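**Student:** Residue numbers (the numbering used here), protein chains in the order written: chain X, 26 to 173; chain L, 26 to 173; chain A, 26 to 173; chain V, 26 to 173; chain S, 26 to 173; chain Z, 26 to 173; chain W, 26 to 173; chain B, 26 to 173.
Note that these hints are calculated values from the structure, not bench results.
Keep in mind that this is a model prediction, so the values were computed, not measured.
We put the beta carbon where it would ideally sit given N, CA and C, even for glycine.
Please note that the accuracy of each hint is not assured.
Listed below are the simulated DSS-like cross-link pairs for lysine-lysine, each with C-alpha atoms no more than 30 Å apart in a straight line [stated by the list, open to error]:
id : chain 1 : residue 1 : chain 2 : residue 2
1  : S       : 110       : W       : 112
2  : A       : 78        : B       : 78
3  : A       : 78        : A       : 95
4  : A       : 28        : X       : 28
Just so you have them, the derived chain X footprint on chain L, three or more residues with Cβ under 8 Å [as the list claims (entries may be wrong)]:
id : segment
5  : 43 to 51
6  : 84 to 91
7  : 107 to 114
8  : 120 to 129
9  : 162 to 171
Now the in silico label distances, taken between C-beta atoms and shown as ranges [unchecked claim]:
id : chain 1 : residue 1 : chain 2 : residue 2 : range
10 : B       : 41        : Z       : 126       : 32 to 40 Å
11 : L       : 73        : A       : 55        : 51 to 59 Å
12 : V       : 157       : Z       : 69        : 24 to 32 Å
13 : L       : 127       : A       : 73        : 52 to 60 Å
There are 8 protein chains.
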Amino acid sequence: MLKVYLSGEIHTDWREQIIAGASGLDISFSSPVTDHGASDDCGVAIMGAEPNKFWHDNKGAKLNAIRTRKGLADADVVVVRFGEKYKQWNAAFDAGYAAALGKSLIIVHGDDHQHALKEVDAAALAVCDDPKQVAEILRYVLTGELPA
Amino acid sequence: MLKVYLSGEIHTDWREQIIAGASGLDISFSSPVTDHGASDDCGVAIMGAEPNKFWHDNKGAKLNAIRTRKGLADADVVVVRFGEKYKQWNAAFDAGYAAALGKSLIIVHGDDHQHALKEVDAAALAVCDDPKQVAEILRYVLTGELPA
Amino acid sequence: MLKVYLSGEIHTDWREQIIAGASGLDISFSSPVTDHGASDDCGVAIMGAEPNKFWHDNKGAKLNAIRTRKGLADADVVVVRFGEKYKQWNAAFDAGYAAALGKSLIIVHGDDHQHALKEVDAAALAVCDDPKQVAEILRYVLTGELPA
Amino acid sequence: MLKVYLSGEIHTDWREQIIAGASGLDISFSSPVTDHGASDDCGVAIMGAEPNKFWHDNKGAKLNAIRTRKGLADADVVVVRFGEKYKQWNAAFDAGYAAALGKSLIIVHGDDHQHALKEVDAAALAVCDDPKQVAEILRYVLTGELPA
Amino acid sequence: MLKVYLSGEIHTDWREQIIAGASGLDISFSSPVTDHGASDDCGVAIMGAEPNKFWHDNKGAKLNAIRTRKGLADADVVVVRFGEKYKQWNAAFDAGYAAALGKSLIIVHGDDHQHALKEVDAAALAVCDDPKQVAEILRYVLTGELPA
Amino acid sequence: MLKVYLSGEIHTDWREQIIAGASGLDISFSSPVTDHGASDDCGVAIMGAEPNKFWHDNKGAKLNAIRTRKGLADADVVVVRFGEKYKQWNAAFDAGYAAALGKSLIIVHGDDHQHALKEVDAAALAVCDDPKQVAEILRYVLTGELPA
Amino acid sequence: MLKVYLSGEIHTDWREQIIAGASGLDISFSSPVTDHGASDDCGVAIMGAEPNKFWHDNKGAKLNAIRTRKGLADADVVVVRFGEKYKQWNAAFDAGYAAALGKSLIIVHGDDHQHALKEVDAAALAVCDDPKQVAEILRYVLTGELPA
Amino acid sequence: MLKVYLSGEIHTDWREQIIAGASGLDISFSSPVTDHGASDDCGVAIMGAEPNKFWHDNKGAKLNAIRTRKGLADADVVVVRFGEKYKQWNAAFDAGYAAALGKSLIIVHGDDHQHALKEVDAAALAVCDDPKQVAEILRYVLTGELPA
Numbered sequence: 026m027l028k029v030y031l032s033g034e035i036h037t038d039w040r041e042q043i044i045a046g047a048s049g050l051d052i053s054f055s056s057p058v059t060d061h062g063a064s065d066d067c068g069v070a071i072m073g074a075e076p077n078k079f080w081h082d083n084k085g086a087k088l089n090a091i092r093t094r095k096g097l098a099d100a101d102v103v104v105v106r107f108g109e110k111y112k113q114w115n116a117a118f119d120a121g122y123a124a125a126l127g128k129s130l131i132i133v134h135g136d137d138h139q140h141a142l143k144e145v146d147a148a149a150l151a152v153c154d155d156p157k158q159v160a161e162i163l164r165y166v167l168t169g170e171l172p173a
Numbered sequence: 026m027l028k029v030y031l032s033g034e035i036h037t038d039w040r041e042q043i044i045a046g047a048s049g050l051d052i053s054f055s056s057p058v059t060d061h062g063a064s065d066d067c068g069v070a071i072m073g074a075e076p077n078k079f080w081h082d083n084k085g086a087k088l089n090a091i092r093t094r095k096g097l098a099d100a101d102v103v104v105v106r107f108g109e110k111y112k113q114w115n116a117a118f119d120a121g122y123a124a125a126l127g128k129s130l131i132i133v134h135g136d137d138h139q140h141a142l143k144e145v146d147a148a149a150l151a152v153c154d155d156p157k158q159v160a161e162i163l164r165y166v167l168t169g170e171l172p173a
Numbered sequence: 026m027l028k029v030y031l032s033g034e035i036h037t038d039w040r041e042q043i044i045a046g047a048s049g050l051d052i053s054f055s056s057p058v059t060d061h062g063a064s065d066d067c068g069v070a071i072m073g074a075e076p077n078k079f080w081h082d083n084k085g086a087k088l089n090a091i092r093t094r095k096g097l098a099d100a101d102v103v104v105v106r107f108g109e110k111y112k113q114w115n116a117a118f119d120a121g122y123a124a125a126l127g128k129s130l131i132i133v134h135g136d137d138h139q140h141a142l143k144e145v146d147a148a149a150l151a152v153c154d155d156p157k158q159v160a161e162i163l164r165y166v167l168t169g170e171l172p173a
Numbered sequence: 026m027l028k029v030y031l032s033g034e035i036h037t038d039w040r041e042q043i044i045a046g047a048s049g050l051d052i053s054f055s056s057p058v059t060d061h062g063a064s065d066d067c068g069v070a071i072m073g074a075e076p077n078k079f080w081h082d083n084k085g086a087k088l089n090a091i092r093t094r095k096g097l098a099d100a101d102v103v104v105v106r107f108g109e110k111y112k113q114w115n116a117a118f119d120a121g122y123a124a125a126l127g128k129s130l131i132i133v134h135g136d137d138h139q140h141a142l143k144e145v146d147a148a149a150l151a152v153c154d155d156p157k158q159v160a161e162i163l164r165y166v167l168t169g170e171l172p173a
Numbered sequence: 026m027l028k029v030y031l032s033g034e035i036h037t038d039w040r041e042q043i044i045a046g047a048s049g050l051d052i053s054f055s056s057p058v059t060d061h062g063a064s065d066d067c068g069v070a071i072m073g074a075e076p077n078k079f080w081h082d083n084k085g086a087k088l089n090a091i092r093t094r095k096g097l098a099d100a101d102v103v104v105v106r107f108g109e110k111y112k113q114w115n116a117a118f119d120a121g122y123a124a125a126l127g128k129s130l131i132i133v134h135g136d137d138h139q140h141a142l143k144e145v146d147a148a149a150l151a152v153c154d155d156p157k158q159v160a161e162i163l164r165y166v167l168t169g170e171l172p173a
Numbered sequence: 026m027l028k029v030y031l032s033g034e035i036h037t038d039w040r041e042q043i044i045a046g047a048s049g050l051d052i053s054f055s056s057p058v059t060d061h062g063a064s065d066d067c068g069v070a071i072m073g074a075e076p077n078k079f080w081h082d083n084k085g086a087k088l089n090a091i092r093t094r095k096g097l098a099d100a101d102v103v104v105v106r107f108g109e110k111y112k113q114w115n116a117a118f119d120a121g122y123a124a125a126l127g128k129s130l131i132i133v134h135g136d137d138h139q140h141a142l143k144e145v146d147a148a149a150l151a152v153c154d155d156p157k158q159v160a161e162i163l164r165y166v167l168t169g170e171l172p173a
Numbered sequence: 026m027l028k029v030y031l032s033g034e035i036h037t038d039w040r041e042q043i044i045a046g047a048s049g050l051d052i053s054f055s056s057p058v059t060d061h062g063a064s065d066d067c068g069v070a071i072m073g074a075e076p077n078k079f080w081h082d083n084k085g086a087k088l089n090a091i092r093t094r095k096g097l098a099d100a101d102v103v104v105v106r107f108g109e110k111y112k113q114w115n116a117a118f119d120a121g122y123a124a125a126l127g128k129s130l131i132i133v134h135g136d137d138h139q140h141a142l143k144e145v146d147a148a149a150l151a152v153c154d155d156p157k158q159v160a161e162i163l164r165y166v167l168t169g170e171l172p173a
Numbered sequence: 026m027l028k029v030y031l032s033g034e035i036h037t038d039w040r041e042q043i044i045a046g047a048s049g050l051d052i053s054f055s056s057p058v059t060d061h062g063a064s065d066d067c068g069v070a071i072m073g074a075e076p077n078k079f080w081h082d083n084k085g086a087k088l089n090a091i092r093t094r095k096g097l098a099d100a101d102v103v104v105v106r107f108g109e110k111y112k113q114w115n116a117a118f119d120a121g122y123a124a125a126l127g128k129s130l131i132i133v134h135g136d137d138h139q140h141a142l143k144e145v146d147a148a149a150l151a152v153c154d155d156p157k158q159v160a161e162i163l164r165y166v167l168t169g170e171l172p173a
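All chains, full assembly: derive it from the sequences and hints.
**Tutor:** Rendered as structure tokens:
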């Protein structure tokens with residue numbers, strides 16, 4: 026079984042596209058919590074309010090790290106998608122974290138981000154711009170079949 | 026001796042500020058190549074031109090990785106500074122890489138980036154906004170002396 | 026599946042509270058032997074009496090370490106609870122052991138221990154005072170659901 | 026050269042006793058910051074005040090961890106002394122951390138703490154109650170000479 | 026269960042011979058994509074054409090590495106067969122990669138390659154020239170039975 | 026599930042005693058090939074005769090190492106029994122190998138070997154002389170139950 | 026200081042070219058024994074003759090591995106050159122070994138070997154065909170200076 | 026510099042022979058305490074008497090392990106000599122420990138021990154019977170020079 030962690034952008038349905046495209050394959054997918062509000066507020070919701078925004082965010086980010094670190098540590102393949110908007114430093118952080126663990130990295134982004142992502146792309150085993158290609162990659166990796 | 030790698034923003038003199046502020050301490054500093062042009066073009070300058078921008082950048086990013094990976098691997102402490110401008114995904118990538126290697130992380134950034142950097146900050150042992158504070162941290166770590 | 030090791034205090038039912046609170050989740054819990062008498066005397070009960078208290082305890086502590094080390098090594102998440110009484114150095118030892126292995130740490134203690142546990146808390150991804158919160162954390166980590 | 030980290034109790038001169046007793050040996054000693062006040066307040070002194078005691082302590086404990094983690098990671102031998110007073114959970118945490126890294130542990134404590142420290146002692150290669158014995162151990166380890 | 030990765034030559038049916046010979050044993054076999062054309066062109070077929078042969082091959086080799094690295098990382102035993110023809114540097118690369126990971130290596134080759142493969146053979150736990158022998162080795166390793 | 030590797034002496038039924046004594050427990054046992062003749066001759070039986078006794082033995086010992094290394098690498102607990110006769114250097118070798126991997130060691134031997142095995146015993150978490158005690162240890166480790 | 030291991034082809038002066046081209050840089054170079062005859066016969070010359078060519082070579086290859094493994098393990102950068110002639114499987118083996126250890130790989134070969142070396146090149150951070158380029162790479166990595 | 030640990034038999038001058046034979050080479054040798062009496066009694070001499078022989082020996086063996094583990098961990102090459110007499114299980118234990126750490130092993134023993142040491146020899150990169158050969162091996166490894 027191939028364990029694949031889907032990191033990065035949370036505002037489009039790219040994870041669903043990959044999972045659908047990879048249907049029938051022996052893959053176990055995992056991903057961060059993709060509900061933006063829950064992800065931002067989880068720390069204080071469970072462990073108590075913080076008046077200071079830094080600690081509000083710190084509590085949440087650490088709690089999310091319990092899930093993220095397990096996803097990254099268990100994965101054979103880490104897919105990181107960079108979207109059009111936002112800083113997405115957590116996505117690049119995950120890519121670096123995965124690279125240091127020796128995971129196989131697949132990076133997904135549009136052409137406009139090519140230069141800014143050159144160091145991230147240079148650590149990857151595959152770079153593409155369409156989630157459909159990720160599904161094709163996973164299918165090839167597991168079965169040797171190429172798209173028609 | 027403490028080995029400190031200074032990653033991230035390359036358009037201000039923050040590295041010089043830290044090194045000056047840490048004068049007299051038993052520290053060995055290292056950093057990426059900070060000449061933007063050389064860093065961008067090193068791959069093709071040495072190994073031959075590439076008509077395609079992706080491979081132009083890929084050759085350079087990999088060559089720079091020889092230096093970056095050694096700096097990160099050898100370091101006890103990795104300082105990552107995020108500046109005002111640009112995507113700086115390589116900085117976040119280095120932070121993630123260092124975190125996975127168990128390095129002590131110090132993150133430097135202004136308040137405006139606080140929310141976007143919450144996952145990176147959550148992996149750090151110190152977060153501040155002024156390079157002078159990094160020098161004070163290093164002095165305290167090595168000597169136990171606090172700023173007057 | 027998430028593997029969770031429940032270390033520390035053995036005189037209240039906090040483990041049962043967490044396990045009950047986490048019912049329905051895909052978690053495998055483990056814990057040390059919580060029968061105080063058996064835990065103290067296991068070494069001599071199986072391998073023969075020792076007139077010297079140090080070796081009596083040494084035999085038992087090592088035998089218990091077979092279980093403890095496996096629980097810590099296998100775990101994704103290590104929860105360590107500090108109770109009101111006793112020195113509980115084995116709990117802090119487990120926390121340090123887990124931290125060095127890179128496990129996600131959740132620390133549970135009352136406010137009165139806050140200052141004395143600051144180094145332990147600083148290594149944790151979550152700190153709380155109520156076992157119910159641990160169950161909520163585990164639920165969020167696995168499902169993304171926050172308490173109502 | 027033998028690298029020895031001296032962790033634990035900071036209110037007596039046991040470190041100086043060991044260092045004096047080991048004079049002439051090829052040893053590099055390191056230790057945490059032993060100025061109690063500086064150690065408690067270093068975080069806020071450098072990185073800004075925190076109204077909440079938890080975060081005040083958290084900032085300091087993390088900053089101290091930069092020094093502590095390097096001391097532990099670099100050491101061949103970790104000596105941990107438990108004194109008469111205080112909870113000393115950071116000492117037990119360091120012992121667990123060192124054990125997980127496979128360091129050679131020497132534990133120093135009085136008889137009254139024997140039962141409470143049995144798990145910590147069980148992970149050690151030497152247990153004694155007098156700093157003078159630690160110096161004798163280090164001398165024997167390096168030279169093969171036993172005390173007269 | 027024993028996990029066995031079958032690396033190397035892809036132009037004869039040696040993998041099938043081993044799998045058939047090992048029938049009934051608790052073994053999970055894996056191998057690279059053995060369709061030469063698909064293996065060569067997979068990168069450009071999925072991620073877009075490259076006019077330059079180097080990058081055409083680079084894209085494919087990296088994509089294949091996702092499968093290869095997982096096969097090698099998961100394996101208990103890595104079998105590498107060198108055939109009569111071609112350079113087969115990828116086979117020797119896999120053998121070195123597996124050796125550095127501490128995997129048990131079985132090397133299969135004819136006598137004519139003996140001297141040229143002496144460094145590879147020297148890292149192996151078994152060297153033979155017939156796939157049938159590999160099946161016998163696997164049967165012995167799992168059951169203790171020797172061929173009649 | 027607890028994975029236990031049973032190394033060492035192959036001329037008495039101590040393995041069977043432990044397995045019987047541990048019946049009903051969630052343990053997966055493994056062991057070397059215990060057929061002395063097969064173990065000695067396996068290399069040449071499969072890979073061809075060697076006129077020189079050293080290489081005859083070398084071929085066999087390496088082939089057996091495929092099984093032994095997997096057993097040791099997969100184990101949570103390694104039990105090593107030293108019998109009355111023979112040099113049994115392979116048993117001590119396995120004990121050292123397991124110790125370096127951080128496995129929990131249980132050593133079984135009679136009193137007459139106590140002094141000669143002191144370094145091996147010093148690396149163990151339990152030392153006893155009767156296989157029945159090993160079964161009791163395993164039962165306690167998994168269930169917390171002590172022998173009546 | 027940068028530690029560089031120069032693996033591969035031993036019939037031309039490429040090592041000397043690199044070392045000369047890197048003069049003045051803070052680099053420590055190491056390499057295998059490059060005297061072909063000594064390298065082939067070292068095992069039997071020291072440890073006694075072997076009538077069988079396989080064991081003659083095996084003894085030598087293992088003895089050379091003492092040097093090779095240290096060179097690879099200590100290196101920051103591993104340069105592997107493939108020449109025009111011979112199988113050079115040991116070069117590819119070293120490349121795989123270095124890749125698995127996470128070393129920065131630089132591969133040097135002529136165009137005619139491009140397709141056959143695609144898997145090896147895909148694991149490298151730099152690929153070139155002239156030793157002079159390796160010296161330029163090392164100079165850039167250490168000083169940031171590009172060739173005029 | 027090559028770090029060499031000399032483990033095993035302590036009743037002949039084989040260590041001195043190797044050190045003399047390797048004079049002029051860039052080697053740092055280390056070894057266990059070779060004073061039999063001191064080695065046996067060091068634990069009780071420093072940390073207090075034990076009426077029970079097992080604990081007497083246990084205290085000493087653990088204290089010696091501080092030196093032994095450092096010697097093994099730091100070494101590039103571990104030489105283990107088996108003499109004519111005694112069980113020498115500690116020597117075989119060291120060999121197994123070194124093998125699991127991936128150290129280059131050189132085993133020295135007479136012909137009469139060949140069969141009993143076959144598993145130990147099978148983990149070695151060189152096997153010989155004369156300390157003079159070890160010196161020749163070390164000279165070849167460092168300089169490429171073979172004995173005249």
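**Student:** Honestly, which of those hints from before does the structure not fit?
**Tutor:** Violated hints (numbers, rising): 5, 9, 12, 13; every other hint is consistent with the structure.
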